[in-house]
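Please work from the sequences and hints to get the whole structure.
Under our numbering, the sequence shown has 867 at position 38, and the numbering climbs by one with no breaks.
One or more of the hints may lead you astray.
Mimicking EDC-like on lysine to aspartate or glutamate, the simulated pairs with C-alpha atoms at most 20 Å apart in a straight line are [claimed, not checked]:
1. Lys844 x Glu892
2. Lys855 x Asp868
3. Lys848 x Asp868
4. Lys866 x Asp845
5. Lys872 x Glu857
6. Lys872 x Glu892
7. Lys896 x Asp874
8. Lys872 x Glu852
9. Lys873 x Asp845
10. Lys873 x Glu852
11. Lys866 x Glu852
12. Lys855 x Asp845
13. Lys896 x Asp879
14. Lys844 x Asp879
15. Lys873 x Glu857
16. Lys851 x Asp879
17. Lys844 x Asp874
18. Lys848 x Asp874
19. Lys848 x Asp879
FYI, nobody ran anything at the bench for these hints, they're computed from the structure.
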Amino acid sequence: MNIPTNARPSTRILKDLLKVRKELIKVENYNQPFVSKIDPLMKKDYFLSDALVRYLCYEMNIEINLKLEEEEEEVF
Numbered sequence: 830m831n832i833p834t835n836a837r838p839s840t841r842i843l844k845d846l847l848k849v850r851k852e853l854i855k856v857e858n859y860n861q862p863f864v865s866k867i868d869p870l871m872k873k874d875y876f877l878s879d880a881l882v883r884y885l886c887y888e889m890n891i892e893i894n895l896k897l898e899e900e901e902e903e904v905f
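This is the structure:
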């Protein structure tokens, strides 16, 4: 692939993932980390991590068969 590094989807996803992880660290280091704040960030982290692996495999032309896991629905 001859796309400049800054324009690659994997670079953009990595930047987003770093932002989410920094937010997650702030919440976890807070005196009272609330699950209601952690859970959405963990979902974003999981999604972005999965997307990053998929894009990197595509960009590096690595064939890998990854299953898509469906999100569990919350039951109240």
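Consistency of the hints with the structure:
For the hint pairing lysine 844 with glutamate 892, the CA-to-CA distance comes to about 24 Å; that exceeds 20 Å, so the pair is violated. Of the supplied pair hints, the one linking lysine 855 and aspartate 868 holds, its CA atoms being roughly 14 Å apart against a limit of 20 Å. The hinted pair formed by lysine 848 and aspartate 868 meets the criterion: a straight-line CA distance of about 15 Å does not exceed 20 Å. Taken as a hint, the lysine 866 and aspartate 845 pair is honoured in the structure, with Cα atoms around 17 Å apart against an allowance of 20 Å.
A C-alpha spacing of about 15 Å is found between lysine 872 and glutamate 857, which places the hinted pair at or below 20 Å, so the restraint holds. Of the pairs offered as hints, the one joining lysine 872 and glutamate 892 is violated, with about 25 Å between alpha carbons and a cut-off of 20 Å exceeded. Between lysine 896 and aspartate 874 the CA atoms are separated by roughly 17 Å; this keeps the pair inside 20 Å, and the hint holds. A hinted pair counts as satisfied when its Cα atoms are at most 20 Å apart, and lysine 872 with glutamate 852 qualifies at roughly 13 Å.
Straight-line distance between C-alpha atoms of lysine 873 and aspartate 845 comes to about 9 Å, which keeps the hinted pair within the 20 Å bound. Between lysine 873 and glutamate 852 the CA atoms are separated by roughly 11 Å; this keeps the pair inside 20 Å, and the hint holds. Taking the CA atoms of lysine 866 and glutamate 852, the gap is about 10 Å. The hint holds against a cut of 20 Å. The straight-line distance between the Cα atoms of lysine 855 and aspartate 845 is roughly 16 Å, inside the 20 Å bound, and the hint therefore holds.
Pair hint lysine 896 plus aspartate 879 holds up; C-alpha atoms about 10 Å apart against a cutoff of 20 Å. Between lysine 844 and aspartate 879 the alpha-carbon distance is near 14 Å, which keeps this suggested pair within the 20 Å criterion. At roughly 15 Å between alpha-carbon atoms, lysine 873 and glutamate 857 fall within 20 Å of each other, so this suggested pair holds. The hinted pair formed by lysine 851 and aspartate 879 meets the criterion: a straight-line CA distance of about 18 Å does not exceed 20 Å.
For the given pair, lysine 844 sits about 12 Å from aspartate 874 by alpha-carbon distance, which is consistent with the 20 Å threshold. A distance of roughly 10 Å separates the Cα atoms of lysine 848 and aspartate 874; the hinted pair therefore holds under the 20 Å criterion. A hinted pair counts as satisfied when its Cα atoms are at most 20 Å apart, and lysine 848 with aspartate 879 qualifies at roughly 16 Å.
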